[in-house]
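Undergrad: Protein chains in written order, with the numbering used here: chain A, 84 to 301; chain C, 4 to 233; chain R, 187 to 393.
The set of hints was computed from the structure by calculation and includes no laboratory data.
Ideal placement from N, C-alpha and C gives every residue a C-beta, glycine not left out.
SDA-like mimics (lysine to any residue), calculated; alpha carbons at most 20 Å apart, straight line:
# : chain 1 : residue 1 : chain 2 : residue 2
1 : C       : K224      : R       : G199
2 : C       : K224      : R       : R198
3 : C       : K224      : R       : L201
If the Cβ cut is set under 10 Å, some of the chain C residues that face chain R in the computed set are:
# : residue
4 : D139
5 : L140
6 : P141
7 : D142
8 : S143
9 : A228
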Amino acid sequence: MRGLLLRELVLAVRAGGGFGLGLAFFLIVTVLVPFGVGPETETLALIAPGVLWVGALLACLLSLDRVFQPDWEDGSLDLLATSPLPLESLAAGKALAHWLTTGLPLAVAAPVLGLILNLSGPGGLWLMLSLAVGTPALSAIGTFGAALTVGLRRGGLLLSLLVLPLYVPTLLFGALVVTRAAGGQDPVPPLVLLAGVTLATLAAMPFASAAALRVNLR
Amino acid sequence: MALSAVLLPWVSAMAAMCLALGLVWGFFFTPDDFRQGATVKIIYLHVPAALMAVNAWLMMLVTSLIWIIRRHHVSALAAKAAAPVGLVFTMIALFTGAVWGQPMWGTWWAWEPRLTAFLILFLFYLGYMALWNAIDLPDSAADLTSVLCLVGSVFALISRYALIFWNQGLHQGATLSLDAEQNIADVYWYPLIICIAGFGFLFLALVLYRTRTEIQARRLKALIARDRAV
Amino acid sequence: MQMTVTNLACARGGLQVLAGVSFTLASGQVLVVRGSNGAGKTTLLRTLAGLTPPLSGGIGVLPEAIAYAGHADGLKVQLTVAEHLRFWAGIFGTRGGQTAIDSFDLAGLLDRRAGTLSAGQRRRLGLARLLVTGRPLWCLDEPTTSLDAANTARLIRAVTAHLKGGGSAIIATHSNLDLPTGQILDITPFVAKSLPRDDPFGDGAFA
Chain A
84 MRGLLLRELV LAVRAGGGFG LGLAFFLIVT VLVPFGVGPE TETLALIAPG VLWVGALLAC
144 LLSLDRVFQP DWEDGSLDLL ATSPLPLESL AAGKALAHWL TTGLPLAVAA PVLGLILNLS
204 GPGGLWLMLS LAVGTPALSA IGTFGAALTV GLRRGGLLLS LLVLPLYVPT LLFGALVVTR
264 AAGGQDPVPP LVLLAGVTLA TLAAMPFASA AALRVNLR
Chain C
4 MALSAVLLPW VSAMAAMCLA LGLVWGFFFT PDDFRQGATV KIIYLHVPAA LMAVNAWLMM
64 LVTSLIWIIR RHHVSALAAK AAAPVGLVFT MIALFTGAVW GQPMWGTWWA WEPRLTAFLI
124 LFLFYLGYMA LWNAIDLPDS AADLTSVLCL VGSVFALISR YALIFWNQGL HQGATLSLDA
184 EQNIADVYWY PLIICIAGFG FLFLALVLYR TRTEIQARRL KALIARDRAV
Chain R
187 MQMTVTNLAC ARGGLQVLAG VSFTLASGQV LVVRGSNGAG KTTLLRTLAG LTPPLSGGIG
247 VLPEAIAYAG HADGLKVQLT VAEHLRFWAG IFGTRGGQTA IDSFDLAGLL DRRAGTLSAG
307 QRRRLGLARL LVTGRPLWCL DEPTTSLDAA NTARLIRAVT AHLKGGGSAI IATHSNLDLP
367 TGQILDITPF VAKSLPRDDP FGDGAFA
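Same shape as in the complex, but just chain A:
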């Protein structure tokens, strides 16, 4: 499991853009929004939580089709499936690696991007916190989607269609945390619910992913 994680991280770094690409995408989305909405700081501050969360979500989506697809293509998924590593652990490890390379950098970078959208004072901190709590769920659900569509032609497009509806609860609670914090309300209840969704997802998704992988390997 630790070996797998290490391998995934090394691959992400050496493949070029493992860390950087999602982050750059997030930055560009955030920068483009004022061009579309207009430069009024009040409007931007109002929509900032939603924009940042949706941007982070799309950035997560971007790299999902590379979770299992390369391993499928070069045959290492077959070899991993016949190894002593259970497919459940494989799925969990892949999700964790995906989070470390996309979710975590997004959470760290988000407060800075919050500044350029005029997100008010405590909002930035809560944004980082909500992303840190919420993005593991995005990675776990995304890994499930990737397991469902591995080996399909044009799987990437289908992957987004399957995964995005599943992102609804996480997005709702996550954006709500930031909206409340920026508006001076208590952001803790939605954060607790967000954590609940994440924990449940992390507990259940590896099994669903492994089931899907098993079907796709045969």
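Using the hints, position chains C and R against chain A.
TA: Positioned in the frame of chain A, the structure of chains C and R alone reads:
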């Protein structure tokens, strides 16, 4: 298959009868609501369609479970057959809802829990059908869509409560629940029940039709494969 | 360790390709699987390795005893040879690295990334993984592809050493390998003719 052949005309006839009776009764022989006027009559399409949209998903959930546990092929194909029907009912519910909402709430669309939940249901149906279409092997497709259906159901449930937390609704309270003290008046109630039964039969008939078609398509494919192999 | 396969039926892509495959393989023995293209050699090996569930029949050995090497070597172009071997040793919880390196003459390539290797070198790395797994039963699918004569000899030496150590091997190949104590299984008679399995409704129950 033999059973369904016998059943199908009866169910179809029941559907036609109930729908004709319920809709005509509802549209022409009930008084206008004192607040909502004639627009209230869209209830005879909106409520049954919405109910069936959810029922279709429930049926897919049950048949998916049967497929996973018992690996009964008809069950998997029934789930496949129910999806487009559910999708259409969802569209009807959304459309009639918009038509009803415009005069009543002054808006075609509101980001309100029940509306949004149906929109998400709509997306689930789309994804489910797309996954069926994308996979060539029927057994693998049945397995993967079943897993998706189970996971999707759990998330649909979570989304439902998340949406309620997110935004309180515009919808009137439950009009049909048995424990509510003030249900809708009997004049609307009877035709509505008949309409719901009619939609139920219609749903059953459509699913039966589609399942039969799917089974025959499977047989046909197998026969062609056999011909080619010999 | 003895492997007894009885009356095995395998499917590929929803179609039954093999039926009634039976053989016994004792430790120290090698089984060479023969058959024309598309006969089902790969399907048989994937079924034995536990990747594809069999339609019917018994395999008699858990997939945990089997090391599988397919057409693809499962190499990552960004990782070095040493990193590959270390990764698989970590996954399988073994430390057979040095024998693997020696058997397939990889010492000079350890710091090269797999992306810069030739096809033959990649194949050697893929085969070296078998020694790292420490598993007794090898399932090899066309292992000699892109190997030259010297390296085919290395493969044969590695298989022979594996057999001497009490292991066994199943090898699907078209070439004549100079292997000791080999039995040959020609799967042509087992190719399923009563196609297709893709008709769950063929029993008339839903006619």
